[in-house]
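Sequential numbering of the sequence shown, starting at 498, is according to the working numbering.
Think of the hints as simulated: they come from the structure by calculation, not from any bench. Some clues are possibly wrong.
What the hints assert, rightly or not - Capping the alpha-carbon separation at 30 Å, the derived lysine-lysine pairs in DSS-like fashion look like this: (1) Lys581 / Lys653; (2) Lys619 / Lys582; (3) Lys541 / Lys582; (4) Lys575 / Lys653; (5) Lys700 / Lys619; (6) Lys575 / Lys541; (7) Lys511 / Lys653; (8) Lys585 / Lys700; (9) Lys541 / Lys511; (10) Lys585 / Lys575; (11) Lys511 / Lys585; (12) Lys541 / Lys585; (13) Lys619 / Lys585; (14) Lys700 / Lys653; (15) Lys667 / Lys653; (16) Lys598 / Lys575; (17) Lys581 / Lys511; (18) Lys667 / Lys581; (19) Lys541 / Lys619; (20) Lys667 / Lys700; (21) Lys667 / Lys582; (22) Lys653 / Lys541; (23) Lys582 / Lys598; (24) Lys582 / Lys511; (25) Lys598 / Lys667; (26) Lys581 / Lys598; (27) Lys667 / Lys619.
Said to hold, decoys possible - Here are the in silico distance ranges between beta carbons for each label pair: (28) Ser683 / Glu599: 33 to 39 Å; (29) Lys653 / Thr574: 36 to 42 Å; (30) Arg718 / Thr574: 37 to 43 Å; (31) Lys575 / Gly711: 34 to 40 Å; (32) Val583 / Phe681: 38 to 44 Å.
Note that the structure is predicted; figures quoted are calculated from it, not measured. Beta carbons are placed, not taken as given, at the ideal position from N, Cα and C, and that holds for glycine.
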Amino acid sequence: MKSARIRIDGIYDKRTLASIFNHQVIDYQFDLRPRSFNFIQEHKLLDIIRNVDNLLLGRPSFRYFLHFAGEQDYVITKLASDVKKVIKQNDAIILEFSDAKEVDFYDSFGTPYFCHYHPLMKLGSFLASPYFSGLVVPYSHLEGLHEQGMFHNFVKNLLQVSFGALESGKMELVLALDWDSNVFPSIYDFLDFSLVSLPINNKVEVCYRNVDLGGVETGLRHLQSLSQR
């Protein structure tokens with residue numbers, strides 16, 4: 498596995514963030530989708546950020562990702578603005594979207610953003626945006642393509658459109674894994690991921706919204722050991 502930063506998705510409490518902070522993780526995603534099991538209310542999000550922001554200033558290039566889907570523009574605008582007021586480094590904020598709206602909607606917030614891949618998205622239009630910064634690809638999708646013998650064709654089409662943006666760093670490629678994903682080795686020979694994301698879910702929870710910190714730490718150590726090979 499090539500070296501990649503690790504991100505934890507769906508953080509909803511201080512203790513989890515403090516634990517992964519100690520494992521050199523500096524990318525944190527917060528889920529602002531009301532129907533998500535990992536939904537975090539704004540006041541709790543701001544409280545977490547206030548408590549950790551001073552610590553994070555000692556780490557280079559830390560980032561907060563705010564994950565939305567299907568929200569009204571004014572909701573996103575207000576929440577992003579409120580978060581920017583309590584952090585000391587405004588460029589640490591990145592919006593993330595897993596719906597399928599037009600580029601103009603995402604651009605309207607004037608903030609860098611990542612989008613989740615979907616088969617009908619017009620990636621070329623996103624690459625023309627000054628704010629589009631990353632593409633999140635679920636491993637489950639790549640695994641399905643691999644099993645169907647279509648993975649290489651997907652890679653070819655993706656790189657035809659985005660090679661320049663990937664080489665220049667304009668676009669990051671994110672691999673969204675689960676804790677028990679059995680990744681086929683050749684994936685890293687064809688795609689260079691700058692970020693690997695792992696979700697807080699029932700595989701690393703003792704019970705609902707109660708994270709098994711030991712399980713998270715074990716998973717992180719395993720992934721970090723792979724990245725050093």
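Tested hints:
no.	hint	in the structure
1	Lys581 / Lys653	violated, 38 Å
2	Lys619 / Lys582	violated, 33 Å
3	Lys541 / Lys582	holds, 15 Å
4	Lys575 / Lys653	violated, 39 Å
5	Lys700 / Lys619	violated, 34 Å
6	Lys575 / Lys541	holds, 15 Å
7	Lys511 / Lys653	violated, 41 Å
8	Lys585 / Lys700	violated, 34 Å
9	Lys541 / Lys511	holds, 9 Å
10	Lys585 / Lys575	holds, 18 Å
11	Lys511 / Lys585	holds, 18 Å
12	Lys541 / Lys585	holds, 18 Å
13	Lys619 / Lys585	violated, 35 Å
14	Lys700 / Lys653	violated, 33 Å
15	Lys667 / Lys653	holds, 19 Å
16	Lys598 / Lys575	holds, 19 Å
17	Lys581 / Lys511	holds, 19 Å
18	Lys667 / Lys581	holds, 22 Å
19	Lys541 / Lys619	violated, 35 Å
20	Lys667 / Lys700	violated, 33 Å
21	Lys667 / Lys582	holds, 26 Å
22	Lys653 / Lys541	violated, 43 Å
23	Lys582 / Lys598	holds, 27 Å
24	Lys582 / Lys511	holds, 19 Å
25	Lys598 / Lys667	holds, 21 Å
26	Lys581 / Lys598	holds, 24 Å
27	Lys667 / Lys619	holds, 17 Å
28	Ser683 / Glu599: 33 to 39 Å	holds, 34 Å
29	Lys653 / Thr574: 36 to 42 Å	holds, 38 Å
30	Arg718 / Thr574: 37 to 43 Å	holds, 39 Å
31	Lys575 / Gly711: 34 to 40 Å	holds, 37 Å
32	Val583 / Phe681: 38 to 44 Å	holds, 42 Å
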